[in-house]
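Chemist: Let's have the full structure, built from the sequences with the hints guiding it.
Order-wise, the sequence lines are chains A and B.
Take our numbering: the last position of the first sequence gets the number 356, and nothing is skipped along the way.
Take our numbering: the last position of the second sequence gets the number 290, and nothing is skipped along the way.
Be a bit skeptical, because a hint or two may be false.
As the list claims (entries may be wrong) - For each label pair, taking beta carbons as the anchor points, the in silico distance ranges come out as: (1) 99(A) <-> 79(B): 19 to 25 Å; (2) 3(B) <-> 316(A): 42 to 48 Å; (3) 152(A) <-> 54(B): 30 to 36 Å; (4) 69(A) <-> 23(B): 48 to 54 Å.
FYI, nobody ran anything at the bench for these hints, they're computed from the structure.
Beta carbons: idealized from backbone N, C-alpha and C, even for Gly.
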Amino acid sequence: MTQDNRLIHIVDSSLRDGSHAVSHQYTEEQIRAIAEGLDKAGIDFIEVSHGDGLGGCSINYGRAKLSDEQMLKAASSVIKEATLTVLLLPGIGTQEHLKMAVDCGARAVRVATHVTEADIAEQHIGFAKKMGMTAFGFLMLSHMRPPEVIVEQAKLFESYGADAVYVADSAGAMLPADVTARISAVVGALKIPVGFHAHASLGLAIANSLAAVQAGVSYLDATARGLGGGAGNAQLEVIIGVLQKAGFRTNADFYKVMDVAEDIVEPLMHRPQVIRNAALMQGYAGVYSSFLLHTYRAAKRYGINPRDVLVELGQRQMVGGQEDMIIGVAHELAQKMEVAGNEADYPDTRCGCSKM
Amino acid sequence: MEKIKAAIIGPGNIGSDLMYKIMRSSRLKVEMMAGIVASPGIERAKSLGIRTTTEGIGPILDDPDIRIVFDSTGARPHMIHAPLLKEAGKIAVDLTPASIGPYVVPAVNLNSLTDAPNLNMVTCGGQATVPIVYAIHRAAQVSYAEIVACIASKSAGPGTRQNIDEFTQTTARALSVVGGAKKSKAIIILNPADPPLIMTDTVYAEVENLDEKAIRESIDDMVATVQKYVRGYRLRVPPQFEGNKVTTIVEVEGAGDFLPKYSGNLDIMTAAAAAVGEAIATAMLEGRRS
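Modeler: Here's what the structure looks like:
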């Protein structure tokens, strides 16, 4: 737990994870305004993609107003200093998408896999390096496995040539001690730098990010106003303030970052980024953050409580990208409710969550 | 009854599972299992009384009685095998991603392809979802099809893992070429849940003429057709309708011949390949092809 004068690199994901919170409806004008603001505020990496990464525009994850290409070109046109970054989930996006992103000016990529599946990313990390990009490995839903598994998977990314590896708390399910245990283990085992990606489901995004920095990460993710999937991410302007106060350096200008959040991002938000019950349950039950809005829609359609759908998805150990199972589970729960005489609450879920 | 002699190249998990399936066939006989090194798969075949070789494709080419050859090696070896098999006048059923011959999905287009010298089995996701897309298409005209295949981590081998783009791209192409969708997209998710989940595939289709009854009946007919050769193929969530969008979920439980039951993804590949072999053998036995 040393406090040193380390430089922490900031990856802003307002235009990627934040895209979930606006149902992927960013306009070119909004993208230019946010990217320009972040660039001028000294943010190191600006991530721009569909919320589910390149190629994420789909029925399953939601259609975006703009193509990945349009989004990247808009951001690229205003970024001067920062590194334009994209997200790619192997199985959803492909090397072809990555090639397109490079042509649009992307110079860094985060290749994200479920915490146990790093070996599906070898192809994409290798391709990114061949294209001269900075390549990050990104282990999603890291709360689902103990530190030793995360170390083993992070080492795979290192062996493929990744420049850094992220431990991502994609459900916002970790407590600070969980973060410290995982980050310390990975930092101790790897030669390359480590990063952390937080979600706010349990109200711990800032505390967890600080724990990660104290445990040795060199990269942190954040979004303006915390805009992101589920309860949102670590709030950028808060993180910058907290890091300064804690004595860590960043390249970001605290005041400029606050202004981007308040003047540019806040006016375009569809709803306040607060921890509503279903999002809280995502953190509690360990469910992928971007399932939230899809779950609201499915729950409404089948007349059930979104919380019950999320708990069931958690019990079934669904992983990132399985948005399709939301309809499956909602349909099944609705049928069971019918059989049980349409009780207001599906009875099994309560006892289920005490097991977690 | 007279049987057509077949060989399998690649005695790994897929080749071994396929061997057990073909051994049940009334039209096909596994004449030889070929590998390039001594392996448990070769030993297994030998213990079942099947001729084996560790000299690769050579001994198969030398045996004029072998008429159908299943290749479960990899895309690169199949690129080498394909022209040799063609020259030797043998039919190749390709379980690799090489995609030299046309895509075949037995429930949809097998009958039109029994003359092709080389048939490609697409992907497991393709075998599970193309029939559903085709079923919706024949009832309602599919303008866009999208599928999400979820398979158990334990059942995804190194081949799939190292070439995951190939899976999504090949599957998407087959949804259009065989399934009939104007546009298409495929997504694959590996899930490490314990106990392992059986293979699940979600099919979304946007259609031009939404006729709920026609779509429902067409899908039910298609599921029954696939079940003739893949016993564990089931509709988990019947078609759900919303605007012009149809959503349905199928699942595939493996037969457990050699691979565990959760490996429905591998089972549907070997079951479909066996069905292709049977159809070709039948055509040969009935004198409809040489």
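Chemist: Taking the hints in turn, state whether each one holds.
Modeler: Each hint tested on the structure:
1. At roughly 24 Å, the beta-carbon separation of residue 99(A) and residue 79(B) lies within the given 19 to 25 Å, and the hint holds.
2. Between residue 3(B) and residue 316(A) the Cβ separation comes to about 44 Å, which falls inside the hinted range of 42 to 48 Å.
3. Against the hinted window of 30 to 36 Å, the Cβ-Cβ separation of residue 152(A) and residue 54(B) comes to about 34 Å, which satisfies the hint.
4. The hinted range of 48 to 54 Å is satisfied by residue 69(A) and residue 23(B), whose Cβ atoms lie roughly 51 Å apart.
The structure agrees with every numbered hint stated previously.
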